[in-house]
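Novice: Chains as they are written, first to last, in my numbering: chain A, 1 to 278; chain B, 1001 to 1273.
Honestly, the hints are just simulated from the structure, not real lab data. Mixed in with the good hints, there may be bad ones.
Stated by the list, open to error - Here are the computed distance ranges between Cβ atoms for each label pair:
id, chain 1, residue 1, chain 2, residue 2, range
1, A, Ile115, B, Asn1157, 56 to 62 Å
2, B, Asp1091, A, Leu76, 56 to 62 Å
3, A, Glu158, B, Pro1097, 21 to 27 Å
As the structure is a prediction and not an experimental result, all values here were calculated from the model. Glycine is no exception: its CB is placed at the ideal position from the N, C-alpha and C atoms.
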Amino acid sequence: MARNFDRMRRANSGFMTTLTALCTLLAVGALLIILAHIAWQGIGALNWQFLTDRPRPVGEGGGIGNAIVGSLLLLLISSVIGLPLGICVGVYLSEIGKGGFGGAVRFIVDTLTGIPSIVTGVFVYAIIVVPTKHFSALAGGLALALIMIPIVARTTEEMLKLVPHSLREGALALGAPQWRVILGVVIPAAAPGIATGAMLAIARVSGETAPLLFTAFGSRFFPESLNEPIASLTVQIYNYAISPYDEWHAQAWAATLVLMTLVLGINIIVRFLTRKRF
Amino acid sequence: MPVQTVAPRIEVRASAPVQTSSKAKVAVRNLDFFYGRVQALHGISLDIPERIVMAFIGPSGCGKSTFLRTLNRMNDVIPATRVGGEVLIDDHDIYAPGTDVVELRRRVGMVFQKSNPFPKSIFDNVAYGLKINRVTSSGSELEGRVEQALKDAALWNEVKDRLKTSALSLSGGQQQRLCIARALAIRPEVLLMDEPASALDPIATSKIEELIFDLKKQYTIVIVTHNMQQAARVSDRTAFFLLGKLIEVNATEKMFTAPNEKLTEDYITGRFG
């Protein structure tokens, strides 16, 4: 009896281990296939001119230099607006707002996370683009920031909640006021996690196209001001991908490869800057 | 017949101060404490004289830790708690409206059951309290205070060559002594210790106990302990708690040899708890 039972148990364990391994393989495999395919399709059109030049008419080559600069600027604007706001909301939810109001804020933040990004684009179009009568990098950055805030807020909240309560008590017992406990002990202890949340948000918005169509619009030139339409990799990829020209299709693949490398690069830099020191 | 001195039946340790002449550093009057609707402490009244070690003993859940945490208002951070009665430190009620809790906690330091060093360097851990309280702006004085605190906590020799390394690289016993050094650095008047040695091995425990014995020259120390031998070893006075009530408070020698209360005797002889 017992031996039979043990055999069943081992078989069950083996089956479950295999199942989870297969699922992991499936998920990671799909990702690797996508990455490999993009690299395969994109590498051909990649060269120095492509990375530095601005778009040219079909047959004249041209590149995505302006879109790279534009995307980086849009990410910068949205990070400057979205990250501090999101982190502050997260700190509020985790450390201060524990009553009914905090619960309401949390519910609203969760709802915001689920809003389709195109709605955010239309919203910014209505409140910024229409009154100012022109598309602009600032409007695009704002739209992306609005998408970032709830993501950053919730991940920050979760990361701060993981900081042991005993650390807060230890600092309070030394006569630290609450704001110093939060700034000096809790946030540094959660910094790697908060940075990961920020990274997820940046990675998420760097792939957004829809909200930019209504706000940053796109441009065939290098940006000269934040108050004018600006090119971005995603919009450029979209425009090239729906065009009928093979040359532009190839350029769309290459631009996708560049975008992915960009996100990976930012990820590595942020991870390096916020690596665990203690 | 000439008058003969009669040898006392119980030998009182020479270092134990005479209780009656000591001024009460902490005086608790009729303290009630509630977690929501549950009453955790019932009408506690207790004096803690200056520069002695007072031990709180009692079974788990008897309220001794809760009581300790009322002395620096650490329970304030737990939601839905309520306090009744008075806690006088130097004759000032710390629960009176307008009390500066931050200032109170500078005067009443605390060491927790589980060591909780900050994820910073050893030096920064000890310097933290000094920095936030703006004790000094001079770097050399800061270093001096950190060194002194680490020496007071009997940790200096083990860490003096690696002050810039992470506090989390220390062993459990060293981490706890670091937390004691951190609390001592701001020179509190009262030091609360919530089972400071319960997670440590016997060697680390004896180091902490020696430390407590040295520290009472300068500080008033209140220690919660599960371990009755420890209470007997380190304390001058002992208070016994049961089910949120203070059953007996007495000189430690008396408590462990001839307690006044039957319940105390039952507990220390291991009949329950």
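Novice: State for each hint whether it applies.
Specialist: Comparing the hints with the structure gives:
1. A:Ile115 to B:Asn1157: 56 to 62 Å: Since the Cβ atoms of Ile115 (chain A) and Asn1157 (chain B) sit about 60 Å apart, the hinted range of 56 to 62 Å holds.
2. B:Asp1091 to A:Leu76: 56 to 62 Å: Once the Cβ atoms are compared, 59 Å apart, the range 56 to 62 Å for Leu76 (chain A) and Asp1091 (chain B) holds.
3. A:Glu158 to B:Pro1097: 21 to 27 Å: violated (36 Å)
Hint compliance for this structure: hint 3 is the single one not met.
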